[in-house]
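Guided by the hints, dock chain X onto chain A, whose structure is given.
Number of protein chains: 2
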Amino acid sequence: MQLLEERIRKDGIVKGEDILKVDSFLNHQIDTVLLEELAREWKRLFKNEEITKVLTIEASGIALACFVAKEFGCPLVFAKKAQTRNIAGDVYTAKVESFTHGRIYDVILSKQFLSSDDKVLVIDDFLANGAALLGLIKLIHDAGATIVGAGIAIEKAFQPGGKMIRDMGVHVESLARIASMNETDGIVFID
Amino acid sequence: MQLLEERIRKDGIVKGEDILKVDSFLNHQIDTVLLEELAREWKRLFKNEEITKVLTIEASGIALACFVAKEFGCPLVFAKKAQTRNIAGDVYTAKVESFTHGRIYDVILSKQFLSSDDKVLVIDDFLANGAALLGLIKLIHDAGATIVGAGIAIEKAFQPGGKMIRDMGVHVESLARIASMNETDGIVFID
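Chains A and X, in that order, are what the protein sequence lines are.
Here our numbering is used: the first residue of the first sequence is 2, the next is one more, and so on.
Here our numbering is used: the first residue of the second sequence is 2, the next is one more, and so on.
Everything labelled a hint here was simulated from the structure, so no lab data went into it.
Computed from a predicted model, the values in this text were never measured in an experiment.
Built from N, CA and C at the ideal position, the CB exists for glycine as well.
Treat the hints with caution; some may be incorrect.
[What the hints assert, rightly or not] Label-pair ranges, simulated between beta-carbon atoms: (1) X:E98 to A:V189: 42 to 52 angstroms; (2) A:G187 to X:E184: 57 to 67 angstroms; (3) A:S99 to X:I14: 30 to 40 angstroms; (4) X:A180 to A:A180: 54 to 64 angstroms; (5) A:G103 to X:I20: 41 to 51 angstroms; (6) A:E98 to X:R41: 35 to 45 angstroms; (7) X:M169 to A:K139: 42 to 52 angstroms; (8) X:Q113 to A:H102: 14 to 24 angstroms; (9) A:E50 to X:I191: 17 to 27 angstroms; (10) A:H102 to X:H102: 15 to 25 angstroms; (11) A:T147 to X:R45: 21 to 31 angstroms; (12) X:H172 to A:E50: 40 to 50 angstroms; (13) A:G17 to X:Q3: 48 to 58 angstroms.
Extracted from the complex, chain A is given alone in its bound form:
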């Protein structure tokens, strides 16, 4: 998506060969006008699908998912990072390995908000190793719900997550796919 690629080129900051900071518009400061446009693009890409829930993971996916849920006219649910080791109550759980923070954490989702009737569109800001997305897919499977697809803002296509998730048969729509990047040459997008 040209709008997003241009914004990444303009305001994204590349560090080394695998860190892309988009703090100024996507996941710390948030440009809601841009996010609405991204949401409309996913609405177009998944226009023939019935979607009953948008699912994301706290915290940086929430803003994007809000606007997507509004476009599709359905609720948004976000998986929470568990605060304690003692997970109580009726929740689905999954473990997610964070490469950024170098640790494994549990995510939880209350069972009352995802059921076998649900047709779920997953939304997240980044797809790199696919760890967060795998965790969300596990929650959907545990609920017996159907995954319609995954809408990703920025895919680091040089990392294995995108291929892994597509090989599972999931319809992934990434709005900007990065083939490679480094501080000297900048960012090369796919397509």
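Same frame as chain A, but now just chain X:
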């Protein structure tokens, strides 16, 4: 605000005398139609104010703040809960005591996203002891920015936060103010 009070009566779950669960529409599953209406109400309440930034704290404030930022046509910034003790880089920091989770955590905000020129509207889902709001106000003060006001969805008016923050001279607009609640008698709203 009648719409919110009705929704709390319908879908809120009171536990004991101080816990109100609104997981089904406000902070786990999110009704984006409702949130847009709340955002429009704050737009009306702060209509004479110039606002350059909406500020909230992850994770449950983000969804609300998204729609408010869209109404005001300005960016949203959210303070992040620090992942490590070693806070690096150019950030403002504050300590927030979580009564829910029984611990003190650090919140951080990148200095590049809040400056002395900013006129800030703070948005959060709950106001009870005022700890999170105090932390956000400290970030605004540290930046030399101006706090225009605070928009709160649900104020537990029987807890001290609301009075404390108003006594500091902050213009607080809570859309539902709870005078008291318990499992037997339900919820009594102010006004």
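We went through each hint and held it up to the structure:
Separation of E98 of chain X from V189 of chain A is about 47 angstroms and conforms to the stated range, judged on CB atoms against 42 to 52 angstroms. One distance hint, 57 to 67 angstroms for the beta-carbon pair G187 of chain A and E184 of chain X, holds here, with the actual separation near 59 angstroms. As the Cβ distance of S99 of chain A to I14 of chain X is approximately 32 angstroms, the hint placing it in 30 to 40 angstroms holds. At roughly 59 angstroms, the beta carbons of A180 of chain X and A180 of chain A sit within the given window of 54 to 64 angstroms.
At about 34 angstroms, the beta-carbon gap between G103 of chain A and I20 of chain X misses the expected band of 41 to 51 angstroms. Separated by about 41 angstroms at the C-beta atoms, E98 of chain A and R41 of chain X satisfy the suggested range of 35 to 45 angstroms. The hint said 42 to 52 angstroms for the Cβ distance between M169 of chain X and K139 of chain A, and at roughly 45 angstroms that hint holds. Between Q113 of chain X and H102 of chain A, the C-beta spacing of about 22 angstroms keeps the proposed range 14 to 24 angstroms intact.
Remark: the range hint 17 to 27 angstroms for E50 of chain A to I191 of chain X is contradicted by a beta-carbon distance near 44 angstroms. In this structure the hint that H102 of chain A and H102 of chain X lie 15 to 25 angstroms apart at CB holds, the actual value being about 19 angstroms. At about 40 angstroms, the CB distance of T147 of chain A to R45 of chain X disagrees with the hint of 21 to 31 angstroms. One distance hint, 40 to 50 angstroms for the beta-carbon pair H172 of chain X and E50 of chain A, holds here, with the actual separation near 44 angstroms.
For G17 of chain A and Q3 of chain X, the Cβ-Cβ distance of about 53 angstroms falls inside the hinted range of 48 to 58 angstroms, so the restraint holds.
Hint compliance for this structure: hints 5, 9 and 11 are broken, all remaining hints hold.
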